Each structure stands twice: as structure tokens, then as C-alpha cells.
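Asks: Now for the letters of each chain:
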Amino acid sequence: MTAHAAIDPLRTRPEGVAGMVADIITVAKRNIIRVFRTPELLVFSTIQPIMFVLLFNYVFGGAIPIPGVEYINFLIPGIIIQTATFGASNTAIGLTEDLQAGIVDRFRSLPMARSAVLAGRVLADTLRNLWVILLSVGIGYLIGFRFQAGFVSAVLAILIATLFAFAMSWVFAAMGLLTKTPEAAQAAVFVPIFPFTFASSAFVPTETMPGWLQAFAENQPVTAAINAMRYLVLGESEFLNLNSGQVVEALAWSLLIFGVFFYVAVRLYRRSSE
Amino acid sequence: MLAVEVEHIKKHYGEVRALDGVDLSIPLGGVYGLLGPNGAGKTTLVRILATLLKPTSGRARVLGVDVTEDPGAIRRRIGLAGQSAAVDELLTGRENLEMVGRLYGFDRVEALRRADDVLERIDLAEAANRTVKTYSGGMRRRLDLAASLVGHPELLIMDEPTTGLDPRSRQDLWDLIEELVEEGTTLLLTTQYLEEADRLARQLVVIDNGKVISRGTPNQLKAQLGGDVLELHLEDMGKIRLVLEQLEGLGSSPASVNDETGLISLTVGEDTGAVVEALRRLDQAAVKLRDLSLRKPTLDDVFLTLTGHAAEVSEPEPATGRRRRRKAKSGDRP
Ligand SMILES: Nc1ncnc2c1ncn2[C@@H]1O[C@H](COP(=O)(O)OP(=O)(O)OP(=O)(O)O)[C@@H](O)[C@H]1O
Ligand SMILES: [Mg+2]
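Order-wise, the sequence lines are chains Y and S.
Using this note's numbering, the letters of the first sequence map in sequence onto residues 1 to 274.
Using this note's numbering, the letters of the second sequence map in sequence onto residues 1 to 334.
Extracted from the complex, chain Y is given alone in its bound form (with noise of 0.2 angstroms):
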């Protein structure tokens, strides 16, 4: 806009998607700077997966023998896939928290690209995520984890459970829009948490459940990326049914779940200014 340059040559951000870019970068570098500054997160966020790769692996790894695999290579895809969901919901409390503080109306007030409230939020939780799936991966290291399928699995596996990840993080930031308080979004977001983290291949392979059980966990998301994680991990294996059409199938799921809450997500921001 030429108007605009008139009124302020100072204000140097370009237009379009470099300056939305621009944005998004400044309110995900606030919310960083947030998780540095709330050590009850960043001690619990570090704590919770070693927890989990400890109890999980000498509690069950002896109750569950999975023929030529060890548990523990086993249980590394299950508890980083678990925890990236648990981690991703902090977005709809984080959310809920900026709007209840105003902090959403401030944002709203200022000429930035509308969409970096929500991006900017759900970028940060997608690196702190990142951070937590590296941590487990180090835990996991020190007891005795291996990836087993070489470097350039390796390296998809973490960016398939990042990934899975980021697509959460928008699920969540609709349902903070939709909760609107911290309270209501804390207790909200364990709805669908427990089912699908749980009744999925997380811990235990899905045949030992029941029949209608086991239909429900083999065709949701959360065991679609914990397989594909899997393969990557372990290459093919005929027992527990890995293959690399799994991988396809967790980057579809994880772009249908962006594509369907990016949209509701965005949907419900515009319509809180009605």
C-alpha cells in the first residue's frame, strides 16, 4: 500500500507472505522466550518423556516379549508419538491463556498478518515438541535404543513425529478457541488424548486387544505415525506388520489433520471478532 509507506517510511516489513513470514517468526520468538522463562514447563516437559521411557520400558519390557525386537526399539516410536500429542495440546492452554490475558486483542489491534497468532503459537509448540522428541531419543540412547534402518530413516522418523506433531497443535488451537479459559481447555483437551494416545500400537502390539478395540486402534492417526515411525525405525518386519505404504499413510493423516483444523482453526478466529 502506497498510503501506508506515506504515513511511516520506517516501517520496513514487506507485504504479503514475506511479511506474514515476518510475523509469525516474532509471536513463535515470544512464545519461546515464554517457555524459557516457565521452568515448571521446561522441567516438566523434560521430565514427563524420561519418566515415560523408564517406567514404560522396565515395567512392561519384560511382561511384553516381542519376538526379534527389543522393547525398547519397540517402545521409543510409541512414547515420542504420545508425547508430541500430550506436548501439542499445550497449544490450546497457551492459547487460552493469551486470550483470557487480552494478549489475543493487543495482536488483534496491531496491522499484522492475522494468521501469526495462530501460526506463531503452534510453531513455537512444534519446536519445543521437537525438543522433547530429541530428548527421548537420548534417553532411549542411554538404556539401549538403537535406530535400526540407518541414517536417512533415522532422520524421517523424527520429522514424521515432528510433523504429527505440528498437525496436533492445530487441533488443539481449536479446541482453545472453542474453551476459550485455560480451566476449561486443561480438562477438554484430555477428551481425545487418552483414546487415541492409549487404544493405539503405542505400548502393546493392537492384535492383544479385543476385536472392536482393535478396529479403532488400527485405523486412527496416532498409531498410523507410531507404525510409520516404527518402520523407520526398525525397517520391515512381517510380525509386527511394518511396511512403507504405513509412512504414506501417516503423512496423509498428518496433512488431513492440518488441512481440516488449519481451516476450523482459522475459522473460529475470524468468527471471535463477531
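It is possible that some hints are incorrect.
To be verified - Partial chain Y-side listing against chain S, Cβ under 8 angstroms, derived:
1. A101
2. I103
3. D105
4. R108
5. M112
6. S273
Think of the hints as simulated: they come from the structure by calculation, not from any bench.
Note that this is a predicted model, so its numbers are computed, not measured.
Don't be surprised by glycine CBs; every beta carbon is placed ideally from N, CA and C.
Given the coordinates of chain Y, work out where chain S with the ligands should sit on it, guided by the hints.
Replies: Showing chain S with the ligands alone in chain Y's frame:
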């Protein structure tokens, strides 16, 4: 061009008519005051003008731009200090303002330069590098105000900017507002305090129940009110009727009684003679007073005079959850 032009704006939430057909035009320059009790619709109007809220019907133009057509263009040119401080607890004052500067479109250097300028101006330079968590309520409000100044707005909208400030901070803020006006900024400010509106605003509009009930200069409003109020608190409430009889013919309108508190108010204006006469008559009638005060008219009096209904009249809207200041206020008098 006008700073603000509002034509018959309505905002309904289901049954609640937060705004029910408001017309307003605010010229460029100076301070324009928006007065009203709790729930009058002040914040709703402010949010519509700041493009945070879409009106149900009607038109609003800010700096010549329609709020629904090009909100982005408006946001570049206005600053908003909302009713509660919208600052990030975990960032420092300076980081908060730097972020706002970046989001206005300035590069890092310029954003920081402005942040420091504004911090200096609003007297927060010393606390600039502390997280907002450690700020007092008044400091937070000032920081919020600072954020609205970062963009050097042509129109600054402030929603009850002095609520929660101590007298000194309030005075400082009034001085700052006067400075800004001198620099050519137009200000729209909402308040519940007539004194504040009187001190700062050139033009006032009073709203209640989503409707404009009066407008004019502060002097015109005060003339409508009739000036100072003599307030009497009787030792013996049984004598209220007697006192009202005694006060007949004094003041610019008949004395009124607050049913809840038993306070008797008489608008005496500039007429100190009426005060002396009132006291003489009460003394003669052997009425004992527990307390007596001569006070400036408040917003309560504005409403008493403008709407004609007394402060404690109950509101005919049960399900909306509206809280009425008039009622609350009369309740917390001793
Ligand atoms: N989101 C909403 N949903 C329903 N009613 C609302 C909503 N926002 C405001 N209201 C109602 O609209 C009316 C006007 O509210 P508003 O906040 O504009 O008042 P105000 O003049 O700013 O009051 P205060 O002095 O308390 O800040 C009130 O009755 C309020 O309850
Ligand atoms: Mg208000």
C-alpha cells in the same frame, strides 16, 4: 475528514443490546470523552472502532476508513489501550514493546528505539528490563498504554485508562494525554469519572443502556446537572420526611433520598447561600446530622438528572447478568 464517524451502530448479543443505535462524530484533534456507567456499552463501542468486533448493523468509519472494509488500514493508524492491561507477564517491559513495534512493521533497531522512547515517556525506563510479572497493577496499565503509543497513532483509543491508578500516576497520565494532544493526536477516552472527562475532554457523549443520552461540552453537561451537591446523613432516619419539607424551595431541583443508605442529596450549584440556608433551617428544626458534605457532581448525578430515574431503580433485564454500578455504588456507602 473526521477521526470517528459512527452511524446508528448496533451490537446485539442475543437479547442483550450492548449498543442500540449510537451516532457519533469525533473531529480530529483534542480529547473526546465517552462517559457511562458499568455495562453502558463503552467497551463494546471502543472494540468496534478498534476493529476487534464487528457491529451487528450500522456503519463506523475511523480516520475515513470503514471498519469492516479495511480494518488493516485502520490498525496501522490507531493505538488501543484496552480496559485491562494486555501485556505479556513473562516478557520484560522492553521486550513487550519491542514485539509490538515489530508487529507494527518496524525493524528491530527502530522497534527498540521506539520501545525505549516510550518507556522513558511513560516513566518505566527503570523497570524496562524486568519481567512484567514483577510490575505493580499501575505499572502494567502504563506499559499497556506505552504499547498503544509505539506506532505513533493518529487516533489513540483508551478504555478507562486511569482506573486502578493512584492519584499521582493519574495526574502523570493526564499530563501525558495533554502532551499527546499538543502533538496532534486525537484521543477517544472512556471513563466513569466526570472529573476526568471535565479535565481532559473538549466534547463528551454520555451513553447508557447502549444509547446516547446526552452530549455536549463538559460545561454544558455540568450546567444540566446544576453543579455541587449537598449531601446530608441524618442521625435519626425517622426525620427524613421532616428534612425534605424543610429543604423545599432550596437548590436547583428538589432534594432526593437514597432509599438504601438514607442519604439526602440537594443540588445547590454555585449557590453557597442555599447551603447556609439549608443548615440554618435544619438547626431550627433541631435535626441532628451525623455527616454532611458538599461534593462535586458525579456520574451518578448525571444519570439521576439525565435519565430521570433514581440510582437504585432496578433494571428490567434479569437474564443478562448486567451489573449496575449505580446500585453497587449506593450499596457500598457507609
Ligand atoms: N460477549 C458478550 N456476550 C454477551 N453480552 C455481552 C458481551 N460483551 C458485552 N456484553 C454486554 O454488553 C453490555 C455492554 O458491555 P460493555 O463491556 O460495552 O460495557 P462498559 O460500558 O464497557 O462497562 P464497564 O464500565 O463495566 O467496562 C453489558 O450488558 C455486557 O454484559
Ligand atoms: Mg468497559
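Asks: All the hints need checking, so say for each whether the structure fits it.
Replies: The hints, checked one at a time:
1. The interface hint given for A101 (chain Y) is met, as the beta carbon of that residue sits about 7 angstroms from the closest beta carbon of chain S, less than 8 angstroms.
2. Contact between I103 (chain Y) and chain S, as hinted, is supported at the beta carbon level, the nearest pair being about 6 angstroms apart and thus within 8 angstroms.
3. For D105 (chain Y), the interface hint holds, since its Cβ comes within 8 angstroms of a Cβ in chain S; the closest pair sits about 6 angstroms apart.
4. Checking R108 (chain Y) against chain S: minimum C-beta separation of about 5 angstroms stays under 8 angstroms; hint holds.
5. The beta carbon of M112 (chain Y) comes within 4 angstroms of a beta carbon in chain S, closer than 8 angstroms, and the hint placing it at the interface holds.
6. The criterion of a C-beta within 8 angstroms of any C-beta in chain S is met by S273 (chain Y), whose closest approach is roughly 6 angstroms, and the hint holds.
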